[in-house]
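J.: Based on the sequences and whatever the hints tell you, model everything.
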Amino acid sequence: AQKITQTQPGMFVQEKEAVTLDCTYDTSDPSYGLFWYKQPSSGEMIFLIYQGSYDQQNATEGRYSLNFQKARKSANLVISASQLGDSAMYFCAMREDSSYKLIFGSGTRLLVRP
Amino acid sequence: DAGVIQSPRHEVTEMGQEVTLRCKPISGHDYLFWYRQTMMRGLELLIYFNNNVPIDDSGMPEDRFSAKMPNASFSTLKIQPSEPRDSAVYFCASRSTLFQNEQFFGPGTRLTVL
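Here the protein sequences come in this chain order: A and B.
My numbering puts the last residue of the first sequence at 118; the count rises by one with no breaks.
My numbering puts the last residue of the second sequence at 181; the count rises by one with no breaks.
Bear in mind the hints are in silico, worked out from the structure with no lab data behind them.
The structure displayed is predicted, hence computed values, not measured ones.
All C-beta atoms in this analysis are idealised placements derived from N, C-alpha and C, irrespective of residue type, glycine included.
Be careful, since some hints might not be right.
To be verified - No farther apart than 30 Å at their CA atoms in a straight line, the calculated lysine-lysine pairs in the BS3-like style are these:
1) A:K74 to A:K105
2) B:K145 to A:K7
3) B:K135 to A:K105
4) B:K91 to A:K105
5) A:K20 to A:K74
6) A:K105 to B:K145
Said to hold, decoys possible - Here are some of the chain B residues that sit facing chain A, going by a computed Cβ distance under 7 Å:
7) L112
8) P137
9) P174
T.: Structure follows, in structure tokens:
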């Protein structure tokens, strides 16, 4: 069963605008964590943000915020004030605390237009 | 800290040859993960270690793949014999039990099997 779903294979956004990348997940484990990684064309995987299943507030890291809706099992990434350097693949991932394994979605390719 | 170090960064070999990929985790991290990334299958977890002990190798595709972690600062992923379908980017990642919110990836090894 697909545990992490990213329904947007590709997206465009205008520079300086905000963009939301969608992620839904499926788990029966009450304790889990959700992650977002950025993979630029150079290939490295860059950790962006983390949200724990018991966290009361949405996680924020600079221009990145995670819109966590637990009942809907969604963990969307919001990038504010997009920059050209934000053009990359973005991966959502989940770790069930019972297994320690990080399971990745298929990714969303974001292109920022000047 | 130098981050997770992988070598080689690129490897081109012929079908049937043995390939060894190397990883040095971040000092102090007690978890080490090997992932494979392909266009068709995305990012897959192959195996992970905790305190140098293999915990889950259910993602290892077949007996041609083996992984070892002889000490806390070194791990290898070996493919013998290699096949063209093994061509992929192989990532090593590490994290600490103390800081479970982050998992850091190495730059990856791009393997091409001709």
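J.: Against this structure, judge whether each hint is valid.
T.: The hints, checked one at a time:
no. : hint             : verdict
1   : A:K74 to A:K105  : holds, 20 Å
2   : B:K145 to A:K7   : holds, 29 Å
3   : B:K135 to A:K105 : holds, 18 Å
4   : B:K91 to A:K105  : holds, 19 Å
5   : A:K20 to A:K74   : holds, 29 Å
6   : A:K105 to B:K145 : holds, 21 Å
7   : L112             : holds, 5 Å
8   : P137             : violated, 21 Å
9   : P174             : holds, 5 Å
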